[in-house]
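Counting along the sequence shown from 1, when you hit position 59 you're at 59 in the working numbering, and nothing is skipped either side.
No wet-lab data here; the hints were simulated from the structure. There may be inaccurate statements among the hints.
What the hints assert, rightly or not - No farther apart than 20 Å at their CA atoms in a straight line, the calculated lysine to aspartate or glutamate pairs in the EDC-like style are these: (1) K28 with E52; (2) K55 with E17; (3) K132 with E91; (4) K147 with E17; (5) K28 with D263; (6) K132 with E95; (7) K169 with E154; (8) K28 with E17; (9) K206 with D221.
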Amino acid sequence: YELGYGLYGMRDLPYMEGLGHFARIGYKHVEITLRPGWNTEPTLLTRANRAEIRKRIGDLGLTLVDVMEGMQPASNVTVDQNLERLRAAAEMAHECSPGAPALIQSPIGGRPGTWMERREAMAEELATWASKLDELDVTFCIKPHSKQVMGTPEQLLWMLDRVNHPRMKGVYDYGHFMAFGLGLEETIRQVAPRAGFTHIKDTIGKAPDHRFVLPSDGGVDYARFLKTMGEVGYQGPIVVEVSTDVFSQPGYEPVATAQRMWDRLSPVFRESNRLGR
């Protein structure tokens, strides 16, 4: 497994500079954030900008594994507006990648506790998005989120079964399941076989009074995580996510944090790969 890192935690840094730091530190897999408020939002990037990003990623020997979105089905945004946002994300997934198109990954919004009343409408719109994925030539991964409507493995699996499209997959992010007191190995075995993408972060506290922290700061054993991922045959990217709960703190240093995560996690990944997991 390769350890990846994203621009989500580098909001105030020029994106070309952030990519350079990733390569210098040692990361090979990178994530670009498309959310409003970041300098890689699609509306801010011309075709020339995208070509520059693609060249930069290629020249640095990096792989763009995913683009991060924040789309919400069955919300106050119309289906057509969401389909246009999906198209824009797919363009970025193709135009910024020097290799195969990046996948798109996104939580799906909504208030916690409204699952039963919202799930059918959300599934219906997600199925509409899924119907466009072959044409757009992208994979879309939906992410359970402990502070949103779809938070548990069971809810994710229900949604994937209901949408039932080979290009719509799940995201495994133990930080969100940890908030509900669920086990690491148990949730990997539930979700990872249906996941196309993985974020790693930890959680302190229990939902709804929890906060996200950096990987290992909440006690997750990443050697065990990698061993179990290997046992279930997971083959997708694994990317560190620096949560808003972390980067909004006074004194947060984006580059130093990326370096610290590499120093902490890359030996665990190297040892796991050596053992053939």
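Right, here's what the structure says about each hint:
Distance restraint check for K28 and E52: the Cα-Cα separation of roughly 18 Å lies within the 20 Å cut-off, and the hinted pair is therefore satisfied. The straight-line distance between the Cα atoms of K55 and E17 is roughly 14 Å, inside the 20 Å bound, and the hint therefore holds. For the given pair, K132 sits about 13 Å from E91 by alpha-carbon distance, which is consistent with the 20 Å threshold. Straight-line distance between C-alpha atoms of K147 and E17 comes to about 32 Å, which puts the hinted pair past the 20 Å bound.
A distance of roughly 14 Å separates the Cα atoms of K28 and D263; the hinted pair therefore holds under the 20 Å criterion. For the hint linking K132 to E95, the alpha-carbon distance of about 18 Å falls within 20 Å, and the restraint holds. Distance restraint check for K169 and E154: the Cα-Cα separation of roughly 14 Å lies within the 20 Å cut-off, and the hinted pair is therefore satisfied. Restraint check for K28 and E17: the C-alpha separation of about 15 Å stays at or below 20 Å, so the hint holds.
Distance check on the hinted pair: K206 and D221 sit about 18 Å apart at the alpha-carbon level, within 20 Å; holds.
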